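Student: Each chain, written out:
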Amino acid sequence: MAYTERVDGRKIEELRPMEAKVRVIPNADGSAMFKIGKTTAYAAVYGPRELYPRFLQNPERGIIRCHYGMMPFSGSGERIRPGNSRRSQEISMVMNKSLEPVIDLSAFPNAVVDIYVDLPQTDAGTRCAAISAASMALADAGIPMKDMVSSIAVGQVDGTVVADLSYDEEAYDAIVSDIPVAMTHNSKEITLLQMDGEISKEDLMKSLEMAKIATEKVYETQMRALKEKFSNANNEVEK
Amino acid sequence: MIVNKETISELAAQGKRLDGRPLTEYRQPIHIETNISWTAEGSAKVQIGDTVVMAGVKLSLEKPYNDSPDQGGIMINAELLPLSSSEYESGPPGIKAVELARVTDRGIREAKAIDMKKLCVTPGEKAWFVIIDIVTINDAGNLFDAASLAALTALKAARFPEVDPETGAINYKKKTDKSLPLLKEPLAVTIYKINNQLFVDPTTQEENSYDARLTVASDEKGIISALQKGGDAPLTNEEISKMVDIALDKAKLLRGKLDKNLG
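For the protein sequence lines, the chains are X and A, in the order given.
Numbering that gives the first Met the number 0 puts the first sequence at residues 0 to 238.
Numbering that gives the first Met the number 0 puts the second sequence at residues 0 to 262.
The shape of chain A in the complex, shown without the other chains (with noise of 0.2 Å):
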């Protein structure tokens, strides 16, 4: 059998997909696993059907920026590995990778879930600055959602390394037991269209042959931080709508697997 857009199309409209899966569900295991990673502050590995990805958080103390000197600040980078997949190359990131972090940074950034103020140390000297890295194990579609889920675990196991108090070196081989102000919990669920369907978790096949997708990252309390349309399709307001309700309920199961792993 040729499988293509049509295919995937054409399934959809019955409600029906490849895998058998129905349009909102999840694939399984949804497998969390934190501190894979001694010589990160903090760790995760998620695990969503057979896609994998792991994100690390490294402190570091900089000055902080001239127009926020009493903040920390963070960044997200998202490396795609060759590793994870035959379509990767090695080389600076294309911008599938560079689109990945970005959407993935807007969520933890814009819902202001660190709070940067705490991070400060002395005001236009010394801050925290925080880098989640993403990386791809394997990568078998919906990396969006793979990418916050193990963001946000990082972030949430992640504890300070010592600092020594006479010379303000930092020793990465001793943590202490102080987690990062972390004022929010956002999350991000991908809507896809095909046909005007909506599913949720794509495969990579699936994720070569939709319409338009919508990322909505979501906090515990259902309050949105940050969206990104994709794909070539137009979408309506009611679709908008439907998209938006369905990655609210999402974020809650994604945030019980969370809950439940980190106790």
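Okay, chain X solo, but in the shape it has when bound (with noise of 0.2 Å):
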């Protein structure tokens, strides 16, 4: 295996600095901010709502709706152009299919819960750190869920099973693959699972086990954020 040191010195399970904290955004009704190594995410809840246009509407259940966007000035190339691009529209959809499992809107009939998540820097794993955002938010706005969602990337390089590839390594000159998954807490399901690059499926399962144990440090630390908030919910009452 010619990767035995990685570009930045972490051990090869080992993840970014991590910060979480929510409640950022007073104007929401939850919201959260999620910082891995140089990518930040912040992520605001609004909702349930009424939908429109109705036809949109579901009478059984409310839905969600995810929104990705990087900032203009959050790429580390050129400035990128406002808006809607296919790559944020396609994020924005996996967004969403990986934190419906966890949703129960069923208490909201033609209601809709949006998810904005945007970026003001990026470094590699903008999608994991939106969906580990957005899990945060949509628990500080009490939208009823049956489990926390906690996304980070695995992946290969050069022949060495990693978690957590920077952009240095996912554009590392060998044979890589960036595997982002989003993982559900206590069931241990996948609802995030994509890649690109080259793989073998026995360095794909490896990925995978390794992802239960990254995934698990990234609950670790949304769910001290959340403690952290509903600890001083408490002492606010108390005074």
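Hints in this document: simulated from the structure, not taken from any laboratory.
Treat the hints with care, as some may be off.
[Claimed, not checked] Computed list of lysine-lysine pairs in BS3-like fashion (alpha-carbon distance at most 27 Å, straight line):
1) A:172 x X:37
2) A:172 x X:10
3) X:216 x X:226
4) A:183 x A:228
5) X:37 x A:177
6) X:37 x A:173
7) A:174 x X:37
8) A:116 x A:95
9) A:95 x A:125
10) X:20 x A:256
11) A:220 x A:183
12) X:37 x A:155
13) X:10 x A:177
14) A:15 x A:111
15) A:62 x A:15
16) X:145 x X:200
17) X:10 x X:205
18) A:220 x A:111
19) A:155 x A:125
20) X:37 x X:20
21) A:228 x A:251
22) X:96 x X:10
23) A:172 x A:62
24) A:62 x A:125
[Claimed, not checked] To give a feel for the contact side, a few chain A residues facing chain X, derived at Cβ under 7 Å:
25) 55
26) 57
27) 60
28) 84
29) 85
[Stated by the list, open to error] Only some residues are given here: those of chain A computed to face chain X with a beta carbon under 8 Å:
30) 37
31) 39
32) 139
Quantities reported herein were computed from a predicted structural model and do not represent experimental measurements.
Positions of the beta carbon are idealized from the N, C-alpha and C atoms, including for glycine.
Build the complex: two chains, separate frames, hints provided.
Tutor: Structure follows, in structure tokens:
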């Protein structure tokens, strides 16, 4: 195996440093900031609220709508033109699918919960950071959830399976595979799975096993931030 | 209690506001943070009360315009993100975003805050273009002042990226220690009028209930570089004189915060 030492000196299963905070956007019904390495995602949840146009309404249950966006100055190269791109539309769609399984909006027919995620700076792993932030914001908003969703990329760099690939690793001059994964905490089910690059089945399964441990670390960070907020809320009541 | 324009108007007549502030006092905290985005050449996050905006500067090398072959250029864009308020929807910028961008742009452009000639690399062929993007994180009122403060802070914090002397390609991942050629430092202050009273730094509620407003961009010497009147009601010369006085005074306060932050 040629890739024995990671570009930034991390251990193979080690994630970049994480920071998380909820209730960062007072206007929103729920919000969160999730930072991993030099990738930062802000998420805001609005709703449940009435869904227009009406033909999109589901009379049996409310729906969620994810909106992913990179800020114009958040790319490591040239400025990104504002507005939807094919990439942002696809990521919004897979985010939706990654969060839907844990959300129960049966009490809110015809309603929508909008989840907006915008990133001021990015360095790989943006959809994973977006999902982890969105999941926290949903919990902060008090949306009925059966489970928490935590997301991280795993993959293989020149024959070595690693967790949380950085941009330099994604661009490493060898055979690389990048596998963004989202996982539910209790049931350990995968709700996001994409991949690009090259990988053997053996390494794929090894990566997915590593994802279980890696998403657990993300989960701990998410929960710490949520608990912090709720313990602060209790303190305020006591005053 | 139902709060509407009348409530705000009656309170103002007594020199009062819903949140208990004096008419010409900004909300607290006024907080400025720089370099919040490593991918931008310069960036800032500004908080005024509950209002939070970010600004990021991107630099690129382009062909100068035909009518100014020895100059670079600037562009300012504003995005009112749906993330920042339930009032905003996805889609192309509406008139509110366009006005915010243009007023912020004029304040900086017309003050000739950036030495455009120093942005030129090769006349007629290559010059630096400065693009400032302003995005809202939480709109709780007074975006004009917050956007202007964020834009100027991001400009001051910006550093040129490295350019390969052979190929002329920009290496965005490596910044030099060279900052932008800033000649002046314009800041905008917006004064609102309701029921013949003047006030600054409106909340969202107050922004929905005013008669007229005037945005005044001025530099550190008190020279005015841009004005924008808004609202349905007209203004007299006397009122404008008072509004400009308040704006010049409040610009000093914001400038103090900025200087303190950037040391």
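Student: Would you list, in rising numerical order, the hints stated earlier that this structure does not obey?
Tutor: Those not satisfied are hints 8, 9, 13, 14, 15, 16, 22, 27.
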